[in-house]
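J.: Residue numbers (this note's numbering), protein chains in the order written: chain A, 78 to 212; chain B, 78 to 212; chain C, 78 to 212; chain D, 78 to 212; chain E, 78 to 212; chain F, 78 to 212.
Hints in this document: simulated from the structure, not taken from any laboratory.
Don't take every hint at face value.
What the hints assert, rightly or not - List time: in silico SDA-like cross-link candidates among lysine to any residue, alpha-carbon distance up to 25 angstroms:
1) F:K190 with F:V176
2) A:K190 with B:P118
3) F:K190 with F:E138
4) D:K190 with B:D121
5) D:K190 with B:V208
6) A:K190 with B:D121
7) C:K190 with F:E138
Number of protein chains: 6
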Amino acid sequence: MFSVNVRDHMMIAHSFTGEMFGPAQRLHGATYVVDATFAGPRLDGDGVLVDIGRASTVLGEVLERLNYRNLDDEDDFAGQNTSTEMLARVVADRLMSRVHAGDLGAGASTLEKIVVTLHESHVAWASFERVMSPQ
Amino acid sequence: MFSVNVRDHMMIAHSFTGEMFGPAQRLHGATYVVDATFAGPRLDGDGVLVDIGRASTVLGEVLERLNYRNLDDEDDFAGQNTSTEMLARVVADRLMSRVHAGDLGAGASTLEKIVVTLHESHVAWASFERVMSPQ
Amino acid sequence: MFSVNVRDHMMIAHSFTGEMFGPAQRLHGATYVVDATFAGPRLDGDGVLVDIGRASTVLGEVLERLNYRNLDDEDDFAGQNTSTEMLARVVADRLMSRVHAGDLGAGASTLEKIVVTLHESHVAWASFERVMSPQ
Amino acid sequence: MFSVNVRDHMMIAHSFTGEMFGPAQRLHGATYVVDATFAGPRLDGDGVLVDIGRASTVLGEVLERLNYRNLDDEDDFAGQNTSTEMLARVVADRLMSRVHAGDLGAGASTLEKIVVTLHESHVAWASFERVMSPQ
Amino acid sequence: MFSVNVRDHMMIAHSFTGEMFGPAQRLHGATYVVDATFAGPRLDGDGVLVDIGRASTVLGEVLERLNYRNLDDEDDFAGQNTSTEMLARVVADRLMSRVHAGDLGAGASTLEKIVVTLHESHVAWASFERVMSPQ
Amino acid sequence: MFSVNVRDHMMIAHSFTGEMFGPAQRLHGATYVVDATFAGPRLDGDGVLVDIGRASTVLGEVLERLNYRNLDDEDDFAGQNTSTEMLARVVADRLMSRVHAGDLGAGASTLEKIVVTLHESHVAWASFERVMSPQ
């Protein structure tokens with residue numbers, strides 16, 4: 078199994094609902110350093126799984142829709158806590174849609190898995206692993 | 078599959094028995110930077126897999142029992158080499174006990190896996206992956 | 078010249094005023110991974126410049142007053158852009174006050190310099206270096 | 078499941094064939110920081126999965142045959158793009174041969190998997206996971 | 078003294094002349110992860126030393142002229158070894174020219190120092206510090 | 078001013094004397110990831126400040142005399158706390174002796190400064206900067 082990984086980041090504000098969250102119930106923010114991993118069994122005719130440049134571009138576009146925003150104001154997340162692991166799923170699912178739309182190239186149709194990891198600090202991070210649905 | 082990861086460290090002394098270990102047969106020591114990964118399929122009602130703050134606290138407590146010690150003097154490890162991979166298993170098993178005891182919250186009962194990685198330097202590390210036993 | 082460095086982090090929300098800032102004019106946030114460096118010419122009777130444990134505690138206390146907050150609502154920063162470099166100065170100055178108050182121990186009176194670096198992502202960071210004022 | 082990981086690096090020149098690669102069609106180069114992960118279910122009589130020192134030596138020897146070379150001139154890669162993911166497979170397969178030859182010790186015969194990751198920069202890397210063939 | 082730092086990278090091929098260089102006399106390559114540090118005593122009216130976004134753009138443009146090239150073929154470096162420390166000076170001097178040209182904004186005229194660090198691997202890097210010449 | 082930096086590590090045991098040290102009074106240990114920085118104003122005829130390969134070799138030899146040892150048993154440190162900052166000075170001074178002995182090459186005679194940083198964990202490190210004494 079091959080995998081290709083690209084890294085980017087986004088900077089957002091949000092707050093959490095629930096006593097368990099303590100001071101994180103206040104409006105605060107985070108830089109998420111985001112790793113997107115694309116995994117699959119075969120290289121294409123050019124000898125790559127997915128083009129690293131193209132993967133970086135698509136990841137950047139997905140993050141741009143979240144970047145420099147207060148997530149508490151986003152309709153997409155109304156009534157939900159935008160935890161690190163939940164946001165990892167959001168990014169993974171949006172990347173999967175882009176793969177299905179062909180934006181990572183025809184070779185990407187053999188991808189089996191996308192893993193997205195959001196690093197919220199040097200001591201904490203969360204991931205979501207999405208097995209690719211049949212296209 | 079979601080995962081949440083927290084990082085901490087411990088500083089221990091030990092020695093190894095066996096000619097293969099060369100100079101590491103002498104009493105020496107290590108800083109282990111410890112990553113604990115908790116993995117499971119579902120977020121709880123608060124939108125998290127496990128609370129990062131709570132996971133950090135429990136990891137710190139597990140490491141405190143090993144930290145600033147000469148492992149050659151610990152009864153728990155009598156007659157064993159406290160290799161990096163063996164210590165990763167010790168930490169993973171102690172974390173599993175804490176999960177079973179409910180110390181990571183009720184939601185943690187759906188966890189499927191704990192992975193513990195001990196980084197002994199910038200060029201070497203070891204892991205142990207524990208599939209959660211039924212509770 | 079010796080130096081001792083400790084690392085911690087804080088998670089804040091803020092926005093910037095000024096067209097130059099583009100999308101960063103919107104309310105967003107950041108994780109700042111914070112390195113505090115204490116520098117001086119002499120070790121004390123215990124053989125240390127400052128105690129690493131004590132330095133960590135003081136840094137944590139200084140960051141706690143900023144952590145999990147929307148800096149746009151803080152009186153201390155009214156009318157100012159809380160840029161990474163400006164916040165580095167705030168943290169450095171608050172650490173200097175703590176050194177002057179004796180909170181890093183008597184030996185810390187020989188410190189000559191404090192440098193604070195705030196990492197806002199894996200590709201950008203800013204620092205402020207404060208030469209210690211005479212006590 | 079246990080794993081042991083060692084890190085080393087190599088510095089190579091190469092070029093890519095295919096319009097998709099844009100400026101990377103020109104002769105250029107890369108430092109690959111290489112992580113080799115050995116995974117298996119059991120520790121041996123010395124309490125280790127594989128000896129970290131021995132694993133480092135073998136990884137260094139495998140990389141030495143690629144290091145400081147222009148891969149465009151290597152017969153082994155004639156007519157192929159030496160993409161990061163393809164090179165990860167080359168290194169993994171050469172490590173597997175060394176395991177089969179007994180160079181990581183008799184205990185290594187229980188290894189189930191080798192994963193090789195090549196970091197080409199701070200924002201991109203690729204991996205290949207080789208399930209060990211029966212010996 | 079304030080400083081602002083941005084990171085980018087470039088991937089080049091080259092060879093070295095001189096027996097001392099051993100196997101590095103062969104054509105090989107490197108990824109250089111490049112840190113550019115801009116230092117000065119004063120924040121401008123917007124509360125920044127230099128805009129991080131603008132600094133990133135200028136660094137990217139400077140690196141683009143070197144990226145994906147065989148430096149042995151570049152007229153600028155004819156007859157010279159393109160060592161890591163020598164390339165750090167090249168990047169620093171080109172950044173200084175861009176500052177003098179006003180490309181980092183008017184506020185950048187108070188900058189006193191540029192430091193450029195090129196990381197060639199996880200275990201080696203080199204820097205050049207350029208005190209700004211009077212404009 | 079140029080600088081060249083190489084990284085290596087050592088693994089030692091030790092204990093501290095003094096109530097301030099709390100649990101670190103017990104015999105424990107540390108991995109020190111060691112960065113050695115050599116700084117000077119001029120490149121030599123080969124276009125380098127010091128050869129990175131040679132610098133790595135010398136750093137490795139200096140660390141070998143400390144590595145895999147219990148520093149409490151070393152005559153060199155009798156009656157002293159082997160704090161991170163004190164050990165940074167020991168390594169810097171031993172490197173300076175090697176430079177003076179010509180082990181980094183004739184060009185190294187123009188070096189002005191050696192800085193040694195010992196990282197004891199992901200959240201703490203200490204440095205010593207030695208201005209080169211006249212030879």
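J.: Any hints this thing doesn't respect? Which numbers, in order?
T.: 4 and 7
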